[in-house]
Amino acid sequence: MTIETTRSTRSLAPASRAVDILGGELTDASLRRYLEGIPGVDAVGLEQRAAGLGTRSIKTTSKKFALDTIIGLIDLTTLEGADTPGKVRSLVAKAVTPDPGDPTCPRVAAVCVYGDMVPYAVAALGSAHAAGTNTGINVAAVATAFPSGRASLAVKLADTADAVAAGADEIDMVIDRGAFLSGRYGQVFDEIVAVKEACRRSDGSSAHLKVILETGELNTYDNVRRASWLAILAGGDFIKTSTGKVAPAATLPVTLLMLEVVRDWHRLTGERIGVKPAGGIRSSKDAIKYLVTVAETAGEEWLRPSLFRFGASSLLNDVLLQRQKLATGHYSGADYVTID
Amino acid sequence: MTRLAVAKTYKLYIGGKFPRSESGRTYEVVTPKGAFLANAAKASRKDARDAVVSARAAFGGWAGATAYNRGQVLYRIAELLEGRRAQFVDEIVASEGVSTAAATAQVDEAIDRWVWYAGWTDKFAQVAGNANPVAGPYFNISVPEPTGVVAIIAPQSSSLLGLVSAVAPALVAGNTVVVVASEAFPLSAVSLGEVLATSDVPGGVVNILTGSPAEIASWLASHADVNALDLVGAGNLEWVDLQISAAETLKRVLSPESGADAAMPSLGRIIAFTETKTVWHTKSML
Chain A
0 MTIETTRSTR
10 SLAPASRAVD
20 ILGGELTDAS
30 LRRYLEGIPG
40 VDAVGLEQRA
50 AGLGTRSIKT
60 TSKKFALDTI
70 IGLIDLTTLE
80 GADTPGKVRS
90 LVAKAVTPDP
100 GDPTCPRVAA
110 VCVYGDMVPY
120 AVAALGSAHA
130 AGTNTGINVA
140 AVATAFPSGR
150 ASLAVKLADT
160 ADAVAAGADE
170 IDMVIDRGAF
180 LSGRYGQVFD
190 EIVAVKEACR
200 RSDGSSAHLK
210 VILETGELNT
220 YDNVRRASWL
230 AILAGGDFIK
240 TSTGKVAPAA
250 TLPVTLLMLE
260 VVRDWHRLTG
270 ERIGVKPAGG
280 IRSSKDAIKY
290 LVTVAETAGE
300 EWLRPSLFRF
310 GASSLLNDVL
320 LQRQKLATGH
330 YSGADYVTID
Chain B
0 MTRLAVAKTY
10 KLYIGGKFPR
20 SESGRTYEVV
30 TPKGAFLANA
40 AKASRKDARD
50 AVVSARAAFG
60 GWAGATAYNR
70 GQVLYRIAEL
80 LEGRRAQFVD
90 EIVASEGVST
100 AAATAQVDEA
110 IDRWVWYAGW
120 TDKFAQVAGN
130 ANPVAGPYFN
140 ISVPEPTGVV
150 AIIAPQSSSL
160 LGLVSAVAPA
170 LVAGNTVVVV
180 ASEAFPLSAV
190 SLGEVLATSD
200 VPGGVVNILT
210 GSPAEIASWL
220 ASHADVNALD
230 LVGAGNLEWV
240 DLQISAAETL
250 KRVLSPESGA
260 DAAMPSLGRI
270 IAFTETKTVW
280 HTKSML
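Keeping their order, the protein sequence lines are chains A and B.
Take the first sequence: its letters are residues 0 to 339, numbered as in numbering that gives the first Met the number 0.
Take the second sequence: its letters are residues 0 to 285, numbered as in numbering that gives the first Met the number 0.
In short, the hints are calculated from the structure, not lab data.
Take the hints with a grain of salt, since some may be wrong.
[Stated by the list, open to error] Far from chain B, by Cβ distances over 10 Å, these chain A residues were calculated:
{"no.": "1", "residue": "56"}
{"no.": "2", "residue": "118"}
{"no.": "3", "residue": "269"}
{"no.": "4", "residue": "305"}
[Stated by the list, open to error] Below, in silico cross-link-like pairs of lysine-lysine (DSS-like), each with a Cα-Cα straight-line distance of 30 Å or less:
{"no.": "5", "chain 1": "A", "residue 1": "63", "chain 2": "A", "residue 2": "284"}
{"no.": "6", "chain 1": "B", "residue 1": "45", "chain 2": "B", "residue 2": "10"}
{"no.": "7", "chain 1": "A", "residue 1": "284", "chain 2": "A", "residue 2": "244"}
{"no.": "8", "chain 1": "A", "residue 1": "324", "chain 2": "A", "residue 2": "86"}
{"no.": "9", "chain 1": "A", "residue 1": "86", "chain 2": "A", "residue 2": "244"}
{"no.": "10", "chain 1": "B", "residue 1": "122", "chain 2": "A", "residue 2": "58"}
{"no.": "11", "chain 1": "A", "residue 1": "63", "chain 2": "B", "residue 2": "276"}
{"no.": "12", "chain 1": "B", "residue 1": "10", "chain 2": "B", "residue 2": "122"}
{"no.": "13", "chain 1": "A", "residue 1": "284", "chain 2": "B", "residue 2": "32"}
{"no.": "14", "chain 1": "A", "residue 1": "58", "chain 2": "A", "residue 2": "284"}
{"no.": "15", "chain 1": "A", "residue 1": "62", "chain 2": "A", "residue 2": "284"}
{"no.": "16", "chain 1": "A", "residue 1": "86", "chain 2": "A", "residue 2": "284"}
{"no.": "17", "chain 1": "A", "residue 1": "284", "chain 2": "B", "residue 2": "7"}
{"no.": "18", "chain 1": "A", "residue 1": "62", "chain 2": "B", "residue 2": "282"}
{"no.": "19", "chain 1": "A", "residue 1": "324", "chain 2": "A", "residue 2": "58"}
{"no.": "20", "chain 1": "A", "residue 1": "324", "chain 2": "A", "residue 2": "62"}
{"no.": "21", "chain 1": "B", "residue 1": "122", "chain 2": "B", "residue 2": "7"}
{"no.": "22", "chain 1": "A", "residue 1": "324", "chain 2": "A", "residue 2": "63"}
{"no.": "23", "chain 1": "B", "residue 1": "32", "chain 2": "B", "residue 2": "10"}
{"no.": "24", "chain 1": "B", "residue 1": "16", "chain 2": "A", "residue 2": "284"}
{"no.": "25", "chain 1": "B", "residue 1": "32", "chain 2": "B", "residue 2": "7"}
{"no.": "26", "chain 1": "A", "residue 1": "58", "chain 2": "B", "residue 2": "45"}
{"no.": "27", "chain 1": "A", "residue 1": "324", "chain 2": "A", "residue 2": "284"}
{"no.": "28", "chain 1": "B", "residue 1": "45", "chain 2": "B", "residue 2": "16"}
{"no.": "29", "chain 1": "A", "residue 1": "324", "chain 2": "B", "residue 2": "16"}
{"no.": "30", "chain 1": "A", "residue 1": "324", "chain 2": "B", "residue 2": "45"}
{"no.": "31", "chain 1": "B", "residue 1": "10", "chain 2": "A", "residue 2": "324"}
{"no.": "32", "chain 1": "B", "residue 1": "7", "chain 2": "B", "residue 2": "45"}
{"no.": "33", "chain 1": "B", "residue 1": "7", "chain 2": "A", "residue 2": "58"}
Glycine included, each C-beta is placed from N, C-alpha and C at the ideal position.
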């Protein structure tokens, strides 16, 4: 069919990573050939490995280190239709001072809000805003018609540029799962490249781009691996599991799989890509399993905010309760942390 | 033909489920003459922690149920106890070494106390609450509200009656309970858990731990998410220390009691685990 031929030989945006890896002229066909040539995932082995990593016992000083590390890796998130500037301000206050009773408590990595809430987050952060520096808290905005991604490209790009202009340091974009599942990899690729371009600021710097794969809708581990490669090839700085709006959200096997892709990419090119599991991680115990998985898969150098994040809201309170337990020697309760 | 006895596995009762101890530990329950009776789970501090989490989660629903409904649910427990009298009598005879008559009397008394306390759910507020006279055009009303999660060290010298006498009054106002059963006589407590699980009591409203009160009590006393501590059966523990650590988080505390009249039915035991809420409301312009 003519449509099919034109589509498969259609040139794609020449993202530098993809050009380097795939070689020659980038087309739908060459991208498809590459992605479908990636070996399949041993699902049983993957889940067994993830379960095995989840059995490590992390106690006392290791646990204290793990809890503080977790706080420093959290993207404290509020993504509700009912969000208000006041809600964002209280979220920011919590991000800056997670435990008012303990000045040694570290700050979170970022706050994650909808695009229209970015100005309020930036204003509330004030001098605590990282704004391109290495210290302070970043503002992450979800964009591209989050969470469904069902809007035209023009709208998605405007959404992104708007959030960047308002001061967002990081953009969490969603891929078009419909296009991906129908095999239109080229379209997904081009969109990521275009959004990456829209992340550029007028001064030439660029907001970090996290690409949400929404693994709960990709159905198979093979698809997750393929989508991870696709997102990295197109220029994503981070690959993120989920929006948090679809069940299942982040799971340990899926995160392990994405970490393996990131590790392979590092071996291939020497470049480090970040991973962000999001949604469904509510307890310190779960979060510690993720830390173990990161350290054992990608390596301990990934345990920093520029390479690993937790997208979470209620996780922080549980970590704070555990910290208080370690500090005081007795169990704490929900009355001793702030209500979100 | 002889058949092999099917020995029962006694487990904990937490959040409406019957888990083994997180620690995997058990201890031997023996008759007064030292003969083996059963293995019971020996709860750890983490089981206590899980029990408090369950109790906290169940609190909203139980406290929010109407007083009339709570009364029905508590009365239903008495009905089910009545149906399983024989089992409780057997367990008490075996573990306490008392006569069948004495055991039957204990079970009957326990059932009667459930009924007595069940009747109080929609009545104690009339006694403990008040319409206060104020110098202004307001209604000023004080009502008792449940304190929250109540940790109980059950009387240690009694299988069923002591446990019921401590747990039932805490439930009346809408509190949820974590109770450490008698260490020497835990079997009736676990069987009571089975009664609760098959009655209408929501999971988590009553959580029963078996094991060493000396080991678990301090964790419950210091737990910041426990609102009250009933030390009725803690006479042999370092209960002053328990009271001190309970004071750190401003818990309501009842002291140990001993003797035959320990934890006798009283309105005081109900009101001990309530907070008085006073509301002002304008009188309409008439």
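Cross-check of the supplied hints:
1. 56: Its Cβ never comes within 10 Å of chain B, the nearest being 13 Å, so this holds.
2. 118: holds, 37 Å
3. 269: holds, 45 Å
4. 305: Since the minimum Cβ distance to chain B is about 35 Å, residue 305 of chain A lies beyond 10 Å and the statement holds.
5. A/63 x A/284: holds, 12 Å
6. B/45 x B/10: Holds - the C-alpha atoms of residue 10 of chain B and residue 45 of chain B are around 15 Å apart, at most 30 Å.
7. A/284 x A/244: holds, 22 Å
8. A/324 x A/86: Holds, at about 28 Å.
9. A/86 x A/244: holds, 19 Å
10. B/122 x A/58: violated, 49 Å
11. A/63 x B/276: Cα-Cα ~40 Å, so violated.
12. B/10 x B/122: Judged against 30 Å, a Cα distance of about 35 Å means the pair is violated.
13. A/284 x B/32: violated, 45 Å
14. A/58 x A/284: Answer holds: residue 58 of chain A to residue 284 of chain A is near 11 Å, not above 30 Å.
15. A/62 x A/284: The given pair, whose Cα atoms are some 10 Å apart, holds under the 30 Å limit.
16. A/86 x A/284: With Cα atoms ~27 Å apart, residue 86 of chain A and residue 284 of chain A stay inside 30 Å; holds.
17. A/284 x B/7: violated, 33 Å
18. A/62 x B/282: Answer violated: residue 62 of chain A to residue 282 of chain B is near 57 Å, above 30 Å.
19. A/324 x A/58: Status holds; Cα separation ~12 Å.
20. A/324 x A/62: holds, 11 Å
21. B/122 x B/7: With Cα atoms ~40 Å apart, residue 122 of chain B and residue 7 of chain B exceed 30 Å; violated.
22. A/324 x A/63: holds, 10 Å
23. B/32 x B/10: holds, 23 Å
24. B/16 x A/284: holds, 21 Å
25. B/32 x B/7: It holds: about 20 Å lies between the C-alpha atoms, which stays within 30 Å.
26. A/58 x B/45: With a Cα-Cα distance of about 14 Å, the restraint between residue 58 of chain A and residue 45 of chain B holds, given a limit of 30 Å.
27. A/324 x A/284: holds, 14 Å
28. B/45 x B/16: holds, 16 Å
29. A/324 x B/16: With Cα atoms ~26 Å apart, residue 324 of chain A and residue 16 of chain B stay inside 30 Å; holds.
30. A/324 x B/45: holds, 12 Å
31. B/10 x A/324: Holds, at about 27 Å.
32. B/7 x B/45: holds, 24 Å
33. B/7 x A/58: Violated - the C-alpha atoms of residue 58 of chain A and residue 7 of chain B are around 35 Å apart, more than 30 Å.
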